[in-house]
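S.K.: Now for the letters of each chain:
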Amino acid sequence: AQTVTQSQPEMSVQEAETVTLSCTYDTSESDYYLFWYKQPPSRQMILVIRQEAYKQQNATENRFSVNFQKAAKSFSLKISDSQLGDAAMYFCAYCYGGATNKLIFGTGTLLAVQP
Amino acid sequence: NAGVTQTPKFQVLKTGQSMTLQCAQDMNHEYMSWYRQDPGMGLRLIHYSVGAGITDQGEVPNGYNVSRSTTEDFPLRLLSAAPSQTSVYFCASSGTMYQETQYFGPGTRLLVL
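Chain order of the listed sequences is A and B.
Sequential numbering of the first sequence, starting at 2, is according to the working numbering.
Sequential numbering of the second sequence, starting at 8, is according to the working numbering.
Pulled out of the complex, with its shape left as it was, chain B reads as follows (with noise of 0.2 Å):
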């Protein structure tokens, strides 16, 4: 049991570049949700997902896009990197949208030049 896991651990990019910030959890968990953590800030939902193929928009969702075709996984999109993206990226999974306590990954430290 992985819990929840997060690719890449570390990424470069340059401004205008795409990618795709892989989320996968093997604990059968509906909800799914993607953080970011800027220096100074606590953790800022960017988007949420309470099943495959339902998602919502979180606090701070421009810039990314995101899907969830299954249970397991929840990637985060960035169509075009811009340096304000450069953040630490936090998925996180709970089993129900019910108040459960949520379950995080390693994070994802982006850079983006």
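Chain A with its partners taken away, still in its complex shape (with noise of 0.2 Å):
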């Protein structure tokens, strides 16, 4: 079965600063996707950024961008430049390929940021 994990349950960064949160993932599967989640206070569950398992290279959007090491099963976010905003809870999430849609998401990592 996939299961995801991330072994960081708190992290902290000085505002302006960049902060990496680690994944990792088990699965016997070569065509899957993977998602990060941002849980601000509100709880609204919002998409940070998304990869495909087929593509070589890093997606990226704006300040955030991943690090997918598809050989390690390992899919890091790296925030820069950090924000008040951007404190948060942060889930990652696995998408496995084929006619399925569904969601396995790990406990999550809870990122403050320090004025």
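Simulated from the structure, these hints should not be mistaken for laboratory data.
Note that the Cβ used here is the ideal one computed from N, Cα and C, for glycine as well.
Take these hints with a grain of salt, some might be off.
Unchecked claim - Listed below are several chain B residues computed to face chain A (Cβ distance under 10 Å; list not exhaustive): (1) 48; (2) 49; (3) 55; (4) 66; (5) 68; (6) 70; (7) 71; (8) 75; (9) 80; (10) 82; (11) 97; (12) 101; (13) 103; (14) 105; (15) 110; (16) 119.
Since each chain comes alone in its own frame, lean on the hints to assemble the complex.
M.R.: This is the structure we're talking about:
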């Protein structure tokens, strides 16, 4: 069965600095998708970034980028120039390729941003 | 375009009571799903639907029923609430079931006493 592990329950970063959140996953599939979702105190789940496993190029979205290491089954999120509004719970999620859209989530990393 | 909406935002139930959590989307999405979020855990899939009239079980379906009579609506029913169902419930939707990005509603917080 596929699993997603986030080994950092909490992280802290200074405003304007860079932070990296870790995520590893276990799967025997070759076709899948990975996501990072942000959950601020409002509880709304907000998509941060998406990576297709077949793409070698790492996805980027403004200040957010990923380091996707398929062989190592690692999918870390880098936040550059951290802002106070980045403070939130971040979830890594795996979606199996094929005729399904089921997401498997990690347990989350709570990110604090210090002014 | 409201996206994915959920009602109510918060509900308190007594053990054994029934209720329906509402979810609606106005994006003409085929795929809809329900997740629950418990402290210290990520979201877990309860039920999902790939289109009107078609539903299937997810990871934690026990105690919940769903139906999908229209494209827009995907209600989640608790027939006899238990304290173990105290959780935050999220509805999500995507265009199709083929690995498309899912968009989440704001969540419903449920407390079962």
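S.K.: If a hint holds in the structure, say so; if it does not, say that too.
M.R.: Verification of the supplied hints:
{"no.": "1", "hint": "48", "verdict": "holds, 6 Å"}
{"no.": "2", "hint": "49", "verdict": "holds, 3 Å"}
{"no.": "3", "hint": "55", "verdict": "holds, 7 Å"}
{"no.": "4", "hint": "66", "verdict": "holds, 8 Å"}
{"no.": "5", "hint": "68", "verdict": "violated, 12 Å"}
{"no.": "6", "hint": "70", "verdict": "violated, 19 Å"}
{"no.": "7", "hint": "71", "verdict": "violated, 16 Å"}
{"no.": "8", "hint": "75", "verdict": "violated, 14 Å"}
{"no.": "9", "hint": "80", "verdict": "violated, 18 Å"}
{"no.": "10", "hint": "82", "verdict": "violated, 19 Å"}
{"no.": "11", "hint": "97", "verdict": "holds, 6 Å"}
{"no.": "12", "hint": "101", "verdict": "holds, 6 Å"}
{"no.": "13", "hint": "103", "verdict": "holds, 8 Å"}
{"no.": "14", "hint": "105", "verdict": "holds, 7 Å"}
{"no.": "15", "hint": "110", "verdict": "holds, 7 Å"}
{"no.": "16", "hint": "119", "verdict": "violated, 18 Å"}
In summary, the structure is inconsistent with hints 5, 6, 7, 8, 9, 10 and 16 from the numbered list given earlier, while agreeing with the others.
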